[in-house]
Amino acid sequence: MRATENTMAADLLHPLLNTSWRFYALVIAFGSVVASGLAAVSFQAYYGIGVWGIHNPIYWGFGITNFIFWIGISHAGTLISAILRLVDAQWRRPVTRCAEVITAFALMIGAMFPIIHLGRPWLFFWLVPYPTERLIWPNFRSPLVWDFFAISTYLTGSLLFLSLPMIPDFALVRDKTTGLRSKVYGLLALGWRGTTSQWHRLETAMQIMAVAIIPVAVSVHTIVSFDLSMAPTPGWHSTIFAPYFVAGAIFSGIAGLILAMAFLRKFLHLEKYLHPIHFENLGKLLLTMSLLWGYFVFSERLVVWYGNDAAEMPVFWATQRGLYAPLFWTMVTCNFVFPVIVLSIKKTRTILGCALASCTVVLGMWLERFLIVVPPLSRKYLPYTYSSYWPTPVEFTILAASGAAMVLLYTLFSKFVPIIAIWEMKAGEHPSPELEPVAQQERRLGETHA
Amino acid sequence: MKGVYALYPDGASAQRAVDNLRREGVTDSEITVISSAPMEDFEFSHIGGKNRLWYVASLGGAIGLILSTSLVVFMERDWAVNTGGMPIVAWWPNLIVMFEMTMLGGIFATVGTLIATSGLLRRRPPFYDPAVSDGMIMVGVEAPSAQAATAAERALPISPEITLKTI
Amino acid sequence: MAHKWGMTVDLDCCDGCGACITACHAENNIPTVGEGQAARGRAMHWMRVESYWEGEFPDVRLKFRPVMCQQCDDAPCEPVCPTYASSHTDEGLNAQIYNRCIGTRYCANACPYNVRFFDFFNPAWDKPLHLQLNPDVSVREVGVMEKCTFCVQRIQAGKIDAEAEKRDVKDGEIVPACAQACPPKAIVFGDLNDPESRVSRLSRSPRGHKLLEDVGTLPKVTYLERQTQV
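Protein chains in written order, with the numbering used here: chain A, 1 to 450; chain B, 1 to 167; chain C, 1 to 230.
Each hint can be trusted.
Taking lysine to any residue and the SDA-like style, the derived pairs with C-alpha atoms no more than 20 Å apart in a straight line are:
no.: 1; chain 1: A; residue 1: K176; chain 2: B; residue 2: P9
no.: 2; chain 1: C; residue 1: K210; chain 2: A; residue 2: A311
no.: 3; chain 1: B; residue 1: K165; chain 2: B; residue 2: N20
no.: 4; chain 1: A; residue 1: K176; chain 2: A; residue 2: T4
no.: 5; chain 1: A; residue 1: K176; chain 2: B; residue 2: F127
no.: 6; chain 1: B; residue 1: K50; chain 2: A; residue 2: Q207
no.: 7; chain 1: C; residue 1: K63; chain 2: A; residue 2: L382
no.: 8; chain 1: C; residue 1: K210; chain 2: A; residue 2: P383
no.: 9; chain 1: A; residue 1: K183; chain 2: B; residue 2: S133
no.: 10; chain 1: C; residue 1: K63; chain 2: A; residue 2: P383
no.: 11; chain 1: C; residue 1: K159; chain 2: C; residue 2: E196
No lab work stands behind these hints: they were computed from the structure.
Owing to the predicted nature of the structure, the values given are computational and were not obtained by experimental measurement.
Isolated chain A, as found in the complex:
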């Protein structure tokens, strides 16, 4: 059994210790996209928001769409890591760190957008409650201040949730390498040994963090939805937004996770550790979330259509049959029609099938964020001010750069930290046969090894 464990450790440490040309190619390619995004952001900070496509009355466009989208993607880690940890689902072991990394980086990227979309971004720190000689505090009644608290709590919690289980793996790398690498990882390992009391404390801390991070995650996207529903804008002022957004976030998060896992499996040769059963299980979760998403969209639109409110109907028709109809129906196909078909049929619920469905879901969820933010602004109460929104190349560059930043950060992370938690995999191995005989009749769904 030690031999299997040691092979596993060697496999999972391989990306850290060996670098192929593909790594450099990825970093250079995505790094240049990120660099162009940074250039676009600087350009916009210097000249003003006018270089974007927004105008009166559509004052929020791609910036807020991307913000909501990335915060949504960040819900992957919490669901997989925290919830599956709490219910002690063993099949979570290979995927927890992949998921937590998505959360951490998606949150960091998402949290950039409220800063860069400000008219005066250099003053973003005025949202932070601290004693200043200006003698003014932020307005706690504003959803944007709630955003600050929620996202910083979630980011801190997620980074800690990600970092704590990395400590034993850093200790492993410290022991298996020499020289500068060993010293650096030794520092990161904080002197971890692996005594029984340390393991107990770590596992208890992870349980506490899992219990704490789930309500925080739910509250984060709820508060992000409050950015919209607190305004009396027709199409925004809906009480269903809070659960709708959380469900959508978990939905897009799982899709992002499946995609990340599919790429990792291919590029880091993790076929032995990420099995088709993992993708099948996540695919079933994705199917459930797709159905739930369809339910929320239907409920929301039914109430609007049935109510026939004079202010809300122009928004409704704009998305159903008007200017935004092509985007709306693309979104429905991407989020509901295609995933439900592909993921319901067992034959198509393969790794490739799940990955394709996840691609369409990621696209569809971005479209959904766009269609929630922009059409209500384009059809507000006074018909004189009806307008339409056309994004500029600057906004597209920033959007592309945010995606590239995700890939870049992920690539860099998997180079320096084992992307599958080695100690969690070891802990999931069968114990000594004398203590617990291997189940003869029924295999538990999603064993960590065949």
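Given chain A, work out where chains B and C should sit, using these hints.
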């Protein structure tokens, strides 16, 4: 000396060594078992298991709640601006900020206590063998008294391949 | 008793001439954004005149409605500003404090009347047009929101003059730029807390209605329009 120990290839032999140590009169608080993964299926994994992290987390949450309530109530009163006819101390929005800081308090308390009480942040792990990272389980007595040291020398070599080591 | 500034606009008098728009621009240092930016929907008309066509040919009517910040008592733009840049004064005005604004633009999204405007670029006045700037009104930089203030600089000036002369502000003494410029005198401004002021009496007119009253913003601008059975 820093300690006396031996390395075992699997959990069963480590469990036998621990039981041997106990038979020789070594108490649980003196026994150290080090492994590269938590081995909860074995009894020895419960050594040193008691911890009060849940209480610490709750305490941290309570502190977060008190701090956040003070922050929002005092600062809203300090800068009493009329916004849309809402009350100056508006409880619905305040609850949101209070919730977030409560959770943050619990999280910080947990992580801080974990680092403080786990013996982390030490420069060099004093009683440790890198063979643990190859899957060996290290069982021994750290900073032993003379009596515990002799007991360990007798108890630890459970079979010919197991060699006693001292640091 | 404290003042409560309000306004009435008589739609039966308004002929859509746009003098109020021009006067507002001149008084409040509002930049002209240029043809290109105006085509992109970025014109900053704190006061605008909305025109609506009504009826079928040949009974077509063109109706005008000057729309400016309604200075709502229950303003949706105020609670959502994270830096208190949008807040309510004791005299019932919705104050926009440029120095505090960091440009989140949430207030503009919350405003049902779309009367809040954003400086998308740094405004510039080519010489010698910079000489026309009103010294009583600050020039806003890029990234802040701005909107109609009921010419608060004129209100302040009127109050200071009255206090210097140890008297109350007289009804009709404070005149915002739009009211001053309006040829048919459709715009009336004054103290709603004074029941005898012209604006109070006109607000109580049976011809009076408020814009988007059902949204619940409690606007302080009353529109006077003869209601006809069509």
